[in-house]
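Protein chains in written order, with this note's numbering: chain A, 1 to 169; chain B, 1 to 169.
Since the hints were made in silico from the structure, they are not lab data. None of these values were measured; they are calculated from a predicted model. Any given hint could turn out to be false.
Pairs count within a copy or across copies, as identical chains cannot be separated in the list.
Said to hold, decoys possible - Using 30 Å as the maximum straight-line C-alpha spacing, the simulated DSSO-like pairs for lysine-lysine come out as follows:
{"no.": "1", "residue 1": "Lys103", "residue 2": "Lys42"}
{"no.": "2", "residue 1": "Lys20", "residue 2": "Lys144"}
{"no.": "3", "residue 1": "Lys42", "residue 2": "Lys161"}
{"no.": "4", "residue 1": "Lys103", "residue 2": "Lys141"}
{"no.": "5", "residue 1": "Lys133", "residue 2": "Lys45"}
{"no.": "6", "residue 1": "Lys42", "residue 2": "Lys20"}
{"no.": "7", "residue 1": "Lys103", "residue 2": "Lys20"}
{"no.": "8", "residue 1": "Lys141", "residue 2": "Lys20"}
{"no.": "9", "residue 1": "Lys103", "residue 2": "Lys45"}
{"no.": "10", "residue 1": "Lys20", "residue 2": "Lys45"}
{"no.": "11", "residue 1": "Lys133", "residue 2": "Lys20"}
{"no.": "12", "residue 1": "Lys141", "residue 2": "Lys125"}
There are 2 protein chains.
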Amino acid sequence: MSNLYLIRHGIAADRGTYQKDEQRPLTPEGDRKTRQVALTLKQLKIQFHCILSSPLVRARQTAEILQSTGLSSRLEILPALAPDGDIQQWLDWYGNHDKTRDKDWALVGHQPDLGNWAEYLIWQKSADVLIVKKAGIIGIKIPKQGMIQGNSRLFWLTAPKFLLGLNER
Amino acid sequence: MSNLYLIRHGIAADRGTYQKDEQRPLTPEGDRKTRQVALTLKQLKIQFHCILSSPLVRARQTAEILQSTGLSSRLEILPALAPDGDIQQWLDWYGNHDKTRDKDWALVGHQPDLGNWAEYLIWQKSADVLIVKKAGIIGIKIPKQGMIQGNSRLFWLTAPKFLLGLNER
Chain A
1 MSNLYLIRHG IAADRGTYQK DEQRPLTPEG DRKTRQVALT LKQLKIQFHC
51 ILSSPLVRAR QTAEILQSTG LSSRLEILPA LAPDGDIQQW LDWYGNHDKT
101 RDKDWALVGH QPDLGNWAEY LIWQKSADVL IVKKAGIIGI KIPKQGMIQG
151 NSRLFWLTAP KFLLGLNER
Chain B
1 MSNLYLIRHG IAADRGTYQK DEQRPLTPEG DRKTRQVALT LKQLKIQFHC
51 ILSSPLVRAR QTAEILQSTG LSSRLEILPA LAPDGDIQQW LDWYGNHDKT
101 RDKDWALVGH QPDLGNWAEY LIWQKSADVL IVKKAGIIGI KIPKQGMIQG
151 NSRLFWLTAP KFLLGLNER
């Protein structure tokens with residue numbers, strides 16, 4: 001088993017203020033909350049073999065915060081994590097990392113894609129039944145060998161407020 | 001929408017030490033962790049219209065801790081929450097509370113039943129894909145009107161360690 005953490009980007013600037021959606025950055029609040037989430041993950045002793053991020057600014061910034069908090073020494077951009085990306089590209093990518101299938105990974109991306117990816121890994125179909133807040137986390141246990149899709153299990157789904165609790169200021 | 005919290009009982013005494021499974025109480029550690037979970041729910045301002053509990057001692061004790069922490073003024077025993085209980089009995093029970101369908105509820109019971117109930121409410125079938133630790137929580141949003149099974153969404157799934165984080169001692 002290895003753990004896959006699907007992490008949604010933090011709160012980003014409004015659509016209207018940027019010409020291109022992919023350029024929207026985290027707001028100060030988004031930056032702050034994402035740092036708190038990252039710090040809590042660190043305190044929980046979570047470590048990622050690698051952080052894979054959507055190429056969009058708000059996701060990349062989120063991934064960089066996770067990395068700078070010490071959750072991983074590696075960060076790669078995976079174009080398939082952009083909105084409407086194809087999970088098969090990640091499965092192919094992951095298939096080339098078989099030797100590290102006992103490691104934990106983070107995928108940083110967008111909704112509804114992350115929820116749909118998780119649903120596909122767990123039930124082999126997407127149904128929009130997971131509610132994933134900004135800077136929220138989905139935790140999935142994936143089998144070390146064999147098919148991942150349809151053979152993974154959900155061990156965590158949290159909004160920042162349930163993770164940070166009273167720590168949040 | 002109302003929120004349904006399915007809460008697994010805390011850590012209980014070993015099977016060998018009690019003649020009847022249903023008499024096994026929480027251990028001191030189970031009691032302590034359950035109280036910490038309850039306190040965190042209280043701090044998150046979660047309130048239940050009613051706590052429904054399995055009749056088994058370890059579940060009743062868990063439900064009583066939730067109640068004594070101030071999460072609800074009402075606690076009822078629902079025999080269907082005992083191991084291998086039929087979710088239809090809860091659906092029937094809940095159908096008689098239509099006027100309170102905007103309220104939040106807690107169901108305290110056992111695994112794999114709670115996970116299976118949750119899966120049935122969300123996907124209309126049970127598949128054992130949710131990992132629910134002792135004193136762990138499943139949070140589901142159920143529609144205010146119409147069919148619940150197949151029309152609910154998952155907003156939270158947590159083990160105590162992810163909820164308590166550094167608060168746990």
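How the hints compare with the structure:
no.	hint	verdict
1	Lys103 with Lys42	within (16 Å within a copy, 35 Å between copies)
2	Lys20 with Lys144	neither (39 Å within a copy, 38 Å between copies)
3	Lys42 with Lys161	both (17 Å within a copy, 13 Å between copies)
4	Lys103 with Lys141	within (11 Å within a copy, 33 Å between copies)
5	Lys133 with Lys45	both (22 Å within a copy, 18 Å between copies)
6	Lys42 with Lys20	neither (33 Å within a copy, 42 Å between copies)
7	Lys103 with Lys20	neither (35 Å within a copy, 41 Å between copies)
8	Lys141 with Lys20	neither (35 Å within a copy, 34 Å between copies)
9	Lys103 with Lys45	within (14 Å within a copy, 36 Å between copies)
10	Lys20 with Lys45	neither (37 Å within a copy, 39 Å between copies)
11	Lys133 with Lys20	within (22 Å within a copy, 43 Å between copies)
12	Lys141 with Lys125	both (17 Å within a copy, 20 Å between copies)
Of the hints listed earlier, those the structure fails to meet are numbers 2, 6, 7, 8 and 10, in rising order.
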